[in-house]
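A.B. asks: Order-wise, the sequence lines are chains Y and H. For the first sequence, position 340 (counting from the first letter as 1) is numbered 958 according to this note's numbering, and the numbering increases by one without interruption. For the second sequence, position 203 (counting from the first letter as 1) is numbered 821 according to this note's numbering, and the numbering increases by one without interruption.
Because the hints were derived from the structure by calculation, they are not lab data. Hints may be right or wrong, so weigh each one.
Said to hold, decoys possible - Partial selection, computed: residues in chain H whose CB lies under 8 Å from chain Y:
1) R639
2) F641
3) R673
4) A675
5) F680
6) H681
7) F682
8) V687
9) V709
10) T735
11) S866
12) G869
Note that the structure is predicted; figures quoted are calculated from it, not measured. Think of the CB as a built atom: it goes at the ideal place given N, C-alpha and C, for glycine as much as any other residue.
Residue strings, one per chain:
Protein chains: 2
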Amino acid sequence: MNAYQKANSKLYLSVRNRLTRIFQPINIVPKDAKRKNQEILSRSQRLMLELGIIRQANPGSFHFLPLGVRALDKLLHIVDEEMLKIGAQKVIFPTLTHSKLWKSTGRLEDFGSELFTLTDRHNQMYILSPTHEEAVSDLIASVSQISYKEFPLKLYQTTNKYRDEIKPRFGLMRGRQFLMKDLYSFDIDLESAKHTYDEVCDCYNAIFTKIGVPFHKVMGSVGAMGGSLSHEYHYKADIGEDQLMRCSDCGLHANIDLVGRDKCSNCNSTNVTISNGIEVGHTFLLGDKYSKALKANYLNEKKKPISLQMGSYGLGLSRILAAVVEVLSQEEEMRWPLALAPYTAIIIPPKEGSKEEEAGYHLTERVCSLLETLPCLENNILLDDRIHFTIGRRIIDARRVGYPFIIVIGSKCMEQMPLFELVDLRRNTSINLNEEQLLLYFKEMFNNVHAS
Amino acid sequence: MNAYQKANSKLYLSVRNRLTRIFQPINIVPKDAKRKNQEILSRSQRLMLELGIIRQANPGSFHFLPLGVRALDKLLHIVDEEMLKIGAQKVIFPTLTHSKLWKSTGRLEDFGSELFTLTDRHNQMYILSPTHEEAVSDLIASVSQISYKEFPLKLYQTTNKYRDEIKPRFGLMRGRQFLMKDLYSFDIDLESAKHTYDEVCDCYNAIFTKIGVPFHKVMGSVGAMGGSLSHEYHYKADIGEDQLMRCSDCGLHANIDLVGRDKCSNCNSTNVTISNGIEVGHTFLLGDKYSKALKANYLNEKKKPISLQMGSYGLGLSRILAAVVEVLSQEEEMRWPLALAPYTAIIIPPKEGSKEEEAGYHLTERVCSLLETLPCLENNILLDDRIHFTIGRRIIDARRVGYPFIIVIGSKCMEQMPLFELVDLRRNTSINLNEEQLLLYFKEMFNNVHAS
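Please model the complete structure; the sequences and the hints are all you need to start from.
C.D. replies: Shown next, in the form of structure tokens:
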């Protein structure tokens, strides 16, 4: 009995990630189906629900299933890497913030019924925080005698936030629970606060560049958040709920909330275009609105307490996932940026009972372990071991989930020099490669990603 | 102007982790101080608060500061590694669970005022989930036609849970928000469910072994959770709120809730000892209590729906952090297991203005970058760049925070063959080593950790 025969009952046990071991309930929703509670459906939402990336729990509230968690973990990793580079420090603030803090800044009233609130057994009212300016200011205020030497201080967290949206919609795009990266900066004066602000904006540019989907940084309105300066990061998409104006003459790019839509507020040109954007990041130079209300001070050289100058910077992490899928996907096929795809490549071995089965089996195990040795593919290869399905059926599924690379081990694996079919969804190409060429293909891709 | 002089204004910029760049508000609390809301104080809570690991936000609710997040991240990493080994898949369930699910299992009433509840703008009542048996059962029930081939299914998450404790106490040990790793298993019959149960228990043994603090697995009572079999994982400590009975004759080790405290329920021996334990993990073989109530079924070979057999397995992650500090620490000095210490080693260079300053500066930069190349120390070395303090003062601080290794660059750095003083807090030793010996010391330690 050879290794193939031994393994035949439970195939491919040596391969780390096998599709049959992944909980991915596929659930085809008829196109004209009405959603629960009349939620409006976006393309990304429909595809992510149908293909088992997320699953609805309640209106505006979703389970992340294993493939969704993998994509999210990749995004979190990018964020942590870039935050480290600017010396931002990771913290975790509690979900529940005492309502008295929000009362003191006036936001308990401003947010009104958008806030989830609860009363504890001691009759204290808390909010499920949608953001943490009050909490972090109160934390800083609680530290006695912070010297000017401690600044700039940059604290961030990646935690769930909550908002009782009137109309949750578009899945993760506007949910009632969402994952946000929120960073708060503290500086001793406005000049250094502006310096920190620019540094964080550069960091956001780096994060969006790593994600790899074209983004737009535009001037934003400070709105109810307050402060003196604000920028927004957008992905352009028809379903975007913001409208962005770009002036073809002076280059001004801004949310129409800030500048209007008919002519450029900077150069008065009427040569402007309007497009829809999905807001995925927002930065605010806040000044002392929160630090003054909550007494977040530092001690200057004469030991006199002075209000700190704050910045607040948000990235909608769960929204980014939905937005990149929205922007890149086709009507019936999801697409992911290479950096966030749940798996970079999927391997499809021959169907059981086919004449290629045994040769394909050995080849598959070898090529899986070879590819796993490449840093760009380590723990990023998935094997579609549903060998009771034809190769064709499995290719269709792989295209729908949008794994960037599909490696098919088909009839050409029987040749003297076995060939693999490599489908590159990003380039929309399909080529036959031998083992050596296949490895080289990925090595070069990896080099290019790192060089870019 | 040499490199040292150039760098003198902002020293040690080449070193990745510098203490002056870490937000760690030290806050000495008088021993007889009354806590807010009469919270009871444990040693770990006092030390973690005083030394800037956590900070209180509200009763039973804490900010994790950067050093606390680092320790927590190490614990999460261990958990993820071991979960992967048993094929458990990571998911994220929403914090808010609709109250109707908890009503259907009777637990809305059972938990009563321990639950945080809220009502949304549509007058729907939700709970801030303390655990997710209902949510996961509802998820499985929502997937139509799961075949028996899909099982065993193991889904886990590491998310915040909530409980409106009457008396929050001991800091992270019994908070109102806590981080939990909760795993839910589904099997097609009780026999395979028991097999999965044993596999997860083995996995928990591996996790606690990696954490490295002596633990005890004891028989537990199923209590309100239900089911037929339960085990608890404990750290023994005086402040532990559970009492554990061990029979010296037959070896039975169990929570007294299950077996009483006067004689062994297995062999009737009265040769028993009682000790206090902090419960940090709990496993339950649940049977079909939840799956039946919420219709979590699979289809057998005849396509007939059958209730799934569940297991539920919790690890109190934030509680583990507090418990290991509680067990290991001295009255005024924190101690961490090597695996969870915020940094493995701290380096203390000479005081500014001392005769060793310049020689020590170059030596410090070199030894930092050398040690960073060791896998066991990569991104795990902290430099105490508060060079305005004496070496002695900084050693006291380092001992209080409990970095397992303290490397002092003192007067012996001026010798022909410079020597470092290495304080090993775990062995309570202090030895002088040259550069080569220092590297070897850590290399050997790393090998031992991996061999054990």
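A.B. asks: Decide, hint by hint, whether the structure agrees.
C.D. replies: Verification of the supplied hints:
With 8 Å as the threshold, the beta carbon of R639(H) comes within range of chain Y, its nearest partner Cβ sitting at about 6 Å, so the hint holds. This hint holds: F641(H) has a C-beta 6 Å from the nearest C-beta of chain Y, less than the 8 Å allowed. With its C-beta approaching chain Y no nearer than about 6 Å, R673(H) sits inside the 8 Å limit, and its interface hint holds. Taking 8 Å as the C-beta cut-off, the interface hint given for A675(H) holds, the closest approach to chain Y being about 5 Å.
The beta carbon of F680(H) is positioned within 8 Å of a beta carbon in chain Y (closest approach about 7 Å), and the interface hint is therefore held. At about 5 Å, the closest approach between the beta carbon of H681(H) and any beta carbon in chain Y falls short of 8 Å, and the interface hint on this residue holds. Evaluation of the F682(H) hint against chain Y yields a held restraint, the C-beta minimum of about 4 Å falling below 8 Å. Given the 8 Å rule on beta carbons, the hint for V687(H) holds: about 5 Å separates it from the nearest Cβ of chain Y.
Annotation: V709(H) was flagged as interfacial toward chain Y, and the flag holds, the nearest CB pair being 6 Å apart, inside 8 Å. Because the closest C-beta pair between T735(H) and chain Y is about 7 Å apart, less than 8 Å, the hint holds. Evaluation of the S866(H) hint against chain Y yields a violated restraint, the C-beta minimum of about 43 Å exceeding 8 Å. With a least beta-carbon distance of about 36 Å to chain Y, the hint placing G869(H) at the interface is violated under the 8 Å criterion.
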